[in-house]
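**Q** Input sequences plus hints: build the corresponding full structure.
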Amino acid sequence: NAGVTQTPKFQVLKTGQSMTLQCAQDMNHNSMYWYRQDPGMGLRLIYYSASEGTTDKGEVPNGYNVSRLNKREFSLRLESAAPSQTSVYFCASSANDRDRWARSNQPQHFGDGTRLSIL
Amino acid sequence: QQPVQSPQAVILREGEDAVINCSSSKALYSVHWYRQKHGEAPVFLMILLKGGEQKGHDKISASFNEKKQQSSLYLTASQLSYSGTYFCGTEYNQGGKLIFGQGTELSVKP
Chain A
1 NAGVTQTPKF
11 QVLKTGQSMT
21 LQCAQDMNHN
31 SMYWYRQDPG
41 MGLRLIYYSA
51 SEGTTDKGEV
61 PNGYNVSRLN
71 KREFSLRLES
81 AAPSQTSVYF
91 CASSANDRDR
101 WARSNQPQHF
111 GDGTRLSIL
Chain B
1001 QQPVQSPQAV
1011 ILREGEDAVI
1021 NCSSSKALYS
1031 VHWYRQKHGE
1041 APVFLMILLK
1051 GGEQKGHDKI
1061 SASFNEKKQQ
1071 SSLYLTASQL
1081 SYSGTYFCGT
1091 EYNQGGKLIF
1101 GQGTELSVKP
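First to last, the sequence lines map onto chains A and B. Read in order, the letters of the first sequence correspond to residues 1 to 119 in my numbering. Read in order, the letters of the second sequence correspond to residues 1001 to 1110 in my numbering.
Please keep in mind that the hints were generated in silico from the structure rather than gathered at the bench. For every residue, glycine included, the Cβ atom is placed at its ideal position computed from N, Cα and C. Possibly wrong hints are sitting among the right ones.
Simulated pairs of lysine-lysine, DSSO-like, Cα-Cα distance not exceeding 30 Å [stated by the list, open to error]:
1. A:K57 - A:K14
2. B:K1097 - B:K1068
3. A:K57 - B:K1050
4. B:K1109 - B:K1059
5. B:K1097 - A:K57
6. A:K71 - B:K1097
7. B:K1026 - B:K1037
8. B:K1097 - A:K9
9. B:K1109 - B:K1067
10. B:K1037 - B:K1050
11. B:K1109 - B:K1037
12. B:K1068 - B:K1050
13. B:K1050 - B:K1097
14. B:K1097 - B:K1037
15. B:K1026 - A:K57
16. B:K1097 - B:K1026
17. B:K1059 - B:K1026
18. A:K71 - A:K57
19. B:K1059 - B:K1037
20. A:K57 - A:K9
21. B:K1050 - B:K1026
22. B:K1068 - B:K1026
23. B:K1026 - B:K1067
24. B:K1059 - A:K57
25. B:K1037 - A:K9
26. A:K71 - B:K1037
27. B:K1068 - A:K57
Simulated DEER-style distance windows between Cβ atoms [unchecked claim]:
28. A:L69 - B:K1026: 48 to 56 Å
29. B:V1019 - A:T15: 43 to 51 Å
30. B:S1006 - A:M19: 45 to 53 Å
31. A:E52 - B:V1019: 38 to 46 Å
32. A:N65 - B:V1004: 37 to 45 Å
33. A:D26 - B:K1067: 38 to 46 Å
34. B:K1068 - A:L69: 39 to 47 Å
35. B:K1067 - A:E73: 41 to 49 Å
36. A:P8 - B:H1038: 17 to 25 Å
37. B:K1067 - A:S80: 46 to 54 Å
38. B:K1059 - A:G3: 20 to 28 Å
39. B:E1016 - A:P8: 36 to 44 Å
**A** Here it is in structure tokens:
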């Protein structure tokens, strides 16, 4: 019962370095999401993928790219890290299938997070 | 577009009740509620759908007022384990994309 697995759990980068955060789910979910969480700001959606092969921007996509590698995996890439990207990053998945009403409004299941510091 | 939660923080004694509100300026399709303990991932509690259908947790209840575009989470006879930050996530159409509020920090003391 792994659920949603994120790697790494912690990372320190220097400004300008690049990095990819990995996320995998074993629940056969269609939809996957990347959020960042900063103190007092709640969870802000960076990118999401409603199905394999599709990705869409969320609220705060600038400075990030994503890849939905297959149904299980959804990665988040910082091409040139900036101190403003210091945050806790959460990946989530859900069984949502927006083309099928009976499979909409499903809960999101979150990974344990990646704590990223950029100096 | 971010929903507004109130209060921002609340302190309770065990056994007391609390209400957390989530308000939107835009028509809502659904509202999700999650709880996050310090240093952990958010955990799903409840979904409320436009039209009144409710899904979720059997020890915590919630309502969805479509006219006011507001949802309220009711925690009754609070337990120590209820402590954490509660987030509402709002969905404006059937797309699965949630916009989360800033959170309400709940502390339950013995």
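**Q** With reference to the structure, classify each hint as holding or not holding.
**A** Hints versus structure:
1. A:K57 - A:K14: holds (26 Å)
2. B:K1097 - B:K1068: holds (21 Å)
3. A:K57 - B:K1050: holds (25 Å)
4. B:K1109 - B:K1059: Judged against 30 Å, a Cα distance of about 19 Å means the pair holds.
5. B:K1097 - A:K57: Holds, at roughly 10 Å.
6. A:K71 - B:K1097: holds (18 Å)
7. B:K1026 - B:K1037: holds (29 Å)
8. B:K1097 - A:K9: holds (25 Å)
9. B:K1109 - B:K1067: Not satisfied, since the Cα-Cα distance of roughly 35 Å exceeds 30 Å.
10. B:K1037 - B:K1050: It holds: about 28 Å lies between the C-alpha atoms, which stays within 30 Å.
11. B:K1109 - B:K1037: holds (15 Å)
12. B:K1068 - B:K1050: holds (12 Å)
13. B:K1050 - B:K1097: The hint holds at about 15 Å.
14. B:K1097 - B:K1037: holds (23 Å)
15. B:K1026 - A:K57: Roughly 20 Å separates the two Cα atoms, so the pair holds.
16. B:K1097 - B:K1026: holds (15 Å)
17. B:K1059 - B:K1026: holds (29 Å)
18. A:K71 - A:K57: holds (18 Å)
19. B:K1059 - B:K1037: holds (17 Å)
20. A:K57 - A:K9: holds (24 Å)
21. B:K1050 - B:K1026: Between B:K1050 and B:K1026 the Cα gap is close to 13 Å, so the pair holds against 30 Å.
22. B:K1068 - B:K1026: holds (10 Å)
23. B:K1026 - B:K1067: With a Cα-Cα distance of about 11 Å, the restraint between B:K1026 and B:K1067 holds, given a limit of 30 Å.
24. B:K1059 - A:K57: At roughly 35 Å apart (the allowed maximum being 30 Å), A:K57 and B:K1059 break the hint.
25. B:K1037 - A:K9: holds (17 Å)
26. A:K71 - B:K1037: Answer holds: A:K71 to B:K1037 is near 29 Å, not above 30 Å.
27. B:K1068 - A:K57: holds (29 Å)
28. A:L69 - B:K1026: 48 to 56 Å: violated (34 Å)
29. B:V1019 - A:T15: 43 to 51 Å: holds (44 Å)
30. B:S1006 - A:M19: 45 to 53 Å: Between B:S1006 and A:M19, where Cβ atoms are some 37 Å apart, the hint is violated.
31. A:E52 - B:V1019: 38 to 46 Å: Holds: the Cβ-Cβ distance is about 41 Å, inside 38 to 46 Å.
32. A:N65 - B:V1004: 37 to 45 Å: violated (31 Å)
33. A:D26 - B:K1067: 38 to 46 Å: holds (41 Å)
34. B:K1068 - A:L69: 39 to 47 Å: holds (42 Å)
35. B:K1067 - A:E73: 41 to 49 Å: holds (42 Å)
36. A:P8 - B:H1038: 17 to 25 Å: holds (20 Å)
37. B:K1067 - A:S80: 46 to 54 Å: Check passed, 47 Å falls within 46 to 54 Å.
38. B:K1059 - A:G3: 20 to 28 Å: holds (22 Å)
39. B:E1016 - A:P8: 36 to 44 Å: At 40 Å between Cβs, range holds.
Taken one by one, the earlier hints fail for this structure at numbers 9, 24, 28, 30 and 32, listed in ascending order.
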